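**Student:** Chain by chain, the residues:
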Amino acid sequence: MLAGEHGPAARIALHSQIAVGDFFGADHLVPIESAHVMADWDVMGAGGRDYLRRLVDAGGSVRVPSTRNPGAVDFTYAKRLRQSSKLIEGEQSVRTLLTRLGIDLVDTCVGYQTMPTPAAGTHVAWGDTGAVIYANAVLGARTNYESGPAAVAAALTGRTPAYGFHLDQMRAPTVRCRVTAQPRDCAEWGALGAAIGLQLRDYWTVPLLQGIEMQPSSDQLKHLGASLASYGSLAMFHLPGVTPGPTAAAAGLAGSEIDVGAEDLERIFASDAQAGDAVDVVVFTAPQLSLAELERLGTMLDGRHIHPEVTLLATTSAVTREAAAASGILSTIETAGGLVLSGTCWYLMAPKAMGRTFGWRHLVTNSAKLLNIAKASEYAVTLRTTEACVEAAITGSLSRR
Amino acid sequence: MSTTSTTTYQLAQALGEPVEAPALISTRPFSARYDLDRDTGVISRLGHPLRGRSVAGMILICPGVQGGVAAGWTFMKLAAHDLGFAGLVFDRVNPVMVQGAQAASLAIAAGIDPRVFAAVANDTVIRLDPPHRRLVVLG
Numbered sequence: 001m002l003a004g005e006h007g008p009a010a011r012i013a014l015h016s017q018i019a020v021g022d023f024f025g026a027d028h029l030v031p032i033e034s035a036h037v038m039a040d041w042d043v044m045g046a047g048g049r050d051y052l053r054r055l056v057d058a059g060g061s062v063r064v065p066s067t068r069n070p071g072a073v074d075f076t077y078a079k080r081l082r083q084s085s086k087l088i089e090g091e092q093s094v095r096t097l098l099t100r101l102g103i104d105l106v107d108t109c110v111g112y113q114t115m116p117t118p119a120a121g122t123h124v125a126w127g128d129t130g131a132v133i134y135a136n137a138v139l140g141a142r143t144n145y146e147s148g149p150a151a152v153a154a155a156l157t158g159r160t161p162a163y164g165f166h167l168d169q170m171r172a173p174t175v176r177c178r179v180t181a182q183p184r185d186c187a188e189w190g191a192l193g194a195a196i197g198l199q200l201r202d203y204w205t206v207p208l209l210q211g212i213e214m215q216p217s218s219d220q221l222k223h224l225g226a227s228l229a230s231y232g233s234l235a236m237f238h239l240p241g242v243t244p245g246p247t248a249a250a251a252g253l254a255g256s257e258i259d260v261g262a263e264d265l266e267r268i269f270a271s272d273a274q275a276g277d278a279v280d281v282v283v284f285t286a287p288q289l290s291l292a293e294l295e296r297l298g299t300m301l302d303g304r305h306i307h308p309e310v311t312l313l314a315t316t317s318a319v320t321r322e323a324a325a326a327s328g329i330l331s332t333i334e335t336a337g338g339l340v341l342s343g344t345c346w347y348l349m350a351p352k353a354m355g356r357t358f359g360w361r362h363l364v365t366n367s368a369k370l371l372n373i374a375k376a377s378e379y380a381v382t383l384r385t386t387e388a389c390v391e392a393a394i395t396g397s398l399s400r401r
Numbered sequence: 001m002s003t004t005s006t007t008t009y010q011l012a013q014a015l016g017e018p019v020e021a022p023a024l025i026s027t028r029p030f031s032a033r034y035d036l037d038r039d040t041g042v043i044s045r046l047g048h049p050l051r052g053r054s055v056a057g058m059i060l061i062c063p064g065v066q067g068g069v070a071a072g073w074t075f076m077k078l079a080a081h082d083l084g085f086a087g088l089v090f091d092r093v094n095p096v097m098v099q100g101a102q103a104a105s106l107a108i109a110a111g112i113d114p115r116v117f118a119a120v121a122n123d124t125v126i127r128l129d130p131p132h133r134r135l136v137v138l139g
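Residue numbers (the numbering used here), protein chains in the order written: chain R, 1 to 401; chain S, 1 to 139.
Just so you know, the hints here were simulated from the structure itself, not pulled from any lab data.
Just so we're clear, the structure is a prediction, and the values are computed from it rather than from any experiment.
Only some residues are given here: those of chain S computed to face chain R with a beta carbon under 10 Å: (1) Y34; (2) D37; (3) M76; (4) A79; (5) H81.
Ideal Cβ positions, reconstructed from N, Cα and C, are used throughout, including at glycine.
Make a model of the complete structure from these sequences and hints.
**Tutor:** Encoded structure:
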């Protein structure tokens, strides 16, 4: 491949993988089962598009099943959300180039909730941090964070450098987290991830979570993982009863421990906003919603009407939205006044511009990950449970935590 | 890492070509998505100590990283508009920063002595020398 026998695109890709592998001390590459690529116009711009174009022009073609993370646009709602023509056209150009490389436009960050998942021990190269930590900690698959260009490279070569979470020794717990809080709502699971991530903040740290009494659902684990990744840049955790394989290595933990209690979660829910403050937009996203989450949202909104001064947005995958439509959930949410977008995640949709266009300043969400992200787009953000988010959307004002 | 003089810092890991540029010191873990306006190259996160500062032509020195995969494309996007970093130096780093820097032909290093944060002020000119795994403070 380095000699160019598989074409110049594969050679370019492999060179980049070797350079990164050298940085991290990898002495070989491992074959991967799949690649998952984060690539949208909002984050790539012309520079990223031109990089993809060079790979296409060099004859690039995927060697393993490869999928894309959410895009920046739901074309059905782009005009209603007044997304710029530059963003829409840019997104179209990126989609075209990805398709030419052979990358499937599934446009989801939660493919593990809708598509076949890799078996424990399988090497993959995934490029959404929430998907990565879910793959490592819940599925037992093996992947590092793969950035957009790196995941494209892995797709083109069918392999990835063997360092980090591809290696047994890097997957063992390094910090014991004594959890005394008992999270229930997804927002609380996200807050737990945030509280831990804020204390650890190191990609190479692997927390062992102890003390959680309930068996969490896929959605709760999704929010936990997304927050650990967002706040701590963590890519792996161990939760007894969830994480495949032995956690016997925990016995050898060298005294590194942290405590996380209810007060730590409350600090994540704390906000500059006061009870009764007006709410502009309520967003359910980051990660995309599963069918179960949409069903719960629909149940909460059934027969009610969203406040005329509030916009309620939810994002999901196209597959899930279709299922929600077939089961009537979508109609219930839309009748209440909510919008369910597919193939995108709200924070990829140029949220700063959207905020300025619609005058949105106060955002309420049940996503602790979005709480972290939206501040870069100059929103005042408040985290609330799913039920409290719905109430904020109905009443137009923030409730007491 | 140990220092060989008061103005030279050794680096544990490094990639890219040597570069000289002013330093931009952040005591907060860096995220391309959470901290930056990626259209302007300006630190935009509410409450960030460097809010309002442009990263264009600067070598970021930062203890660590947070969040995710956006950096992989962001460095290219910024570079296409001459708004990008000149280099990146971390104590602890994740793969995304390295992958993104490599793809954007940006010098990057990790494993710097944390004392650098107290010793080097913003806008001090430094030389990041990945082949020799060192950072030299030029003043």
